[in-house]
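Just so you know, the protein sequences line up as chains H and G, in that order. What the first sequence shows, in my numbering, is residues 50 to 363, in sequence order. What the second sequence shows, in my numbering, is residues 42 to 320, in sequence order.
Honestly, I wouldn't trust all of these hints.
Unchecked claim - Dumping the calculated DSSO-like pairs for lysine-lysine here, alpha-carbon to alpha-carbon at most 27 Å:
#: 1; chain 1: G; residue 1: Lys307; chain 2: H; residue 2: Lys166
#: 2; chain 1: H; residue 1: Lys166; chain 2: G; residue 2: Lys44
#: 3; chain 1: H; residue 1: Lys72; chain 2: G; residue 2: Lys207
Think of the hints as simulated: they come from the structure by calculation, not from any bench.
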Amino acid sequence: MEIQQVQEQVKTKIVSPRQRSWKMALRQIQAFSFTMPALVLLAIFLIYPIGYVVYLSFQRWDLLGSPAFIGLQNYNTILFKDSAFLQSIGATVLFVVLAVPTQVGLGLFLAILIENKFRGRTFFRAVFFLPLVISFVAAGIVYQWMFSTGATPGIFPAALANLGIKFPDWQHTNGFMAMIIVVIMNTWKSAGFSMILYLAGLQSINPDLYEAASIDGIRNAWQRFRFISWPLLVPTTTLLIITNTIGSFQAFVPFYVMTNGGPSGATTTLIFYIYNNFANRTGVATAAATLFLLAVLAITAVQLLVSRRRQAYY
Amino acid sequence: MNKQQRLSRVFLYVGLVLLAVMFLFPFAWMLATSLKTNTEALTNPTALLPAAPQWNNYPEVITTLNFWRETFNSLVMAVGVTLGQVILSALAGYAFARLHFFGRDVLFLLILATLIIPFEVLFVPLYLMLAGWGGWLNTFAALIVPSLASPFSIFVFRQFFITVPKELDEAAMIDGAGYYRIFWMVMMPLAGPAVATVFILSFLAEWSSFLKPLVFNSSPDMYTLQQGLVVILNRGANLVPNLATLMAGVALASIVPVVMFLLGQKYFVRSVASTGLKG
Chain H
50 MEIQQVQEQV KTKIVSPRQR SWKMALRQIQ AFSFTMPALV LLAIFLIYPI GYVVYLSFQR
110 WDLLGSPAFI GLQNYNTILF KDSAFLQSIG ATVLFVVLAV PTQVGLGLFL AILIENKFRG
170 RTFFRAVFFL PLVISFVAAG IVYQWMFSTG ATPGIFPAAL ANLGIKFPDW QHTNGFMAMI
230 IVVIMNTWKS AGFSMILYLA GLQSINPDLY EAASIDGIRN AWQRFRFISW PLLVPTTTLL
290 IITNTIGSFQ AFVPFYVMTN GGPSGATTTL IFYIYNNFAN RTGVATAAAT LFLLAVLAIT
350 AVQLLVSRRR QAYY
Chain G
42 MNKQQRLSRV FLYVGLVLLA VMFLFPFAWM LATSLKTNTE ALTNPTALLP AAPQWNNYPE
102 VITTLNFWRE TFNSLVMAVG VTLGQVILSA LAGYAFARLH FFGRDVLFLL ILATLIIPFE
162 VLFVPLYLML AGWGGWLNTF AALIVPSLAS PFSIFVFRQF FITVPKELDE AAMIDGAGYY
222 RIFWMVMMPL AGPAVATVFI LSFLAEWSSF LKPLVFNSSP DMYTLQQGLV VILNRGANLV
282 PNLATLMAGV ALASIVPVVM FLLGQKYFVR SVASTGLKG
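Here chain H stands alone, though its shape is the one from the complex:
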């Protein structure tokens, strides 16, 4: 609109053409200046560090002295020599595979339960949402000690011991169980997020569709869900799988708090590996970070492609 305004001014000879181009350039600069503070900060603290990570991944550096170029040696180290890196990939993938379906699934279940209006709906929604607002540190500490199998057993292992059942010792020997405990905590903490997005998705479904379906002979709740809600929720499900996969890929805090990466590295995730190495083997840590970055990009690309096709299919 402002461009037209200036053109009008030229036509009516209020400003000359040269003044016009000067005025328009000024407008552009003014407009651009609104983005400057954010862009400068993004360039310094987001774009530059990405380049820095990649650069460091080709250097040998222990933070003392100066970095030295060593080509692909760091990648060679993490991929073929340091079994801890491959183990951390395994731990991360296992966590993603367990954590994403459980939190999305529970979120969907909760959303369906409280979809319709009934007395107490807001209360239940608040209860399921509540774990989302506390920190992973707080949640992690509580679950760590509720399930503790150490010298001071937590309430669940102790209660099972009274019944003569031995709780798997996730804090000292059973690495898989340690993963399960973190997944339980994560599901409890994060299901509310999926629930809210599913509720929004369910509310956007046109009620006429259900009515039409009941005329077509779809009567029970399961069929309504299977043939109407579920297909229409595909975009929500896709979004949740993408966000939660990327989120779970980055998991560090729950493991740092609850398992410290153990027992024997079974729960040392990728970010944990980077954290463990960044001070002494910066090159190795940044090579891992670079691969991680590539993986996140690949996951996003693949999932975007898949979701496009799926949406076209429905």
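Please arrange chain G on chain H, whose structure you already have, making use of the hints.
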């Protein structure tokens, strides 16, 4: 309501109550444990309630945790980042939604692409940068400045400003207002919902953040609450902590977000739902 509907209603309530108990149990256990004596917590783990509530655990943990100092640090970090994000993102979001300049859409796409890059991948270079600049580590500047610009917050504001009717800024422009005036006098007063979303999401994220203070802070004076809980209480000199005061600490550290949520439940739900627009 026919008999079948009534029956399914009963089942629904029973299921919901069971789930609610499961969801609330960790909170209840945390509060109950925070009121036990430490011996009680360690030797009688299956007893849910304390024999006699030990309110003393709270003053005790406030001292051992250096609670007020850490709360102050957490608040300065969270409020600083949040306010900065609101202002910077609103400015940028307004320009991307409403103004015309060369390369605008390419620039915006570039910002969108950085949405998926997490702090977790960048903490090593960021740490090295801050350490290299000298004097940045162990300061509020290190906790606040790198988090000030957020692609997500810019996105939220842009999406909001796009929905504001164009007539409003056109009218202001005809009245002779410049971009800055329009931004402050016309757009910002309308931007309440976007401000609320960015405020809630970024405050929660910062209040809960742990990796950032863990890496950028080594001085106990700068510990945030989350950092104090883990470093001082959960991994203290003795590996088995004082369980009762630890839970009192966790409870205290959770008060701010929980109270915020109880006061503004509607806005929290709306903010989280709006993250769904990302896709």
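Checked hints:
1. Lys307/G - Lys166/H: holds (16 Å)
2. Lys166/H - Lys44/G: At roughly 19 Å apart (the allowed maximum being 27 Å), Lys44/G and Lys166/H satisfy the hint.
3. Lys72/H - Lys207/G: Given pair Lys72/H, Lys207/G holds - Cα atoms ~22 Å apart, limit 27 Å.
Checked against the numbered hints listed earlier, the structure breaks none of them; every hint is satisfied.
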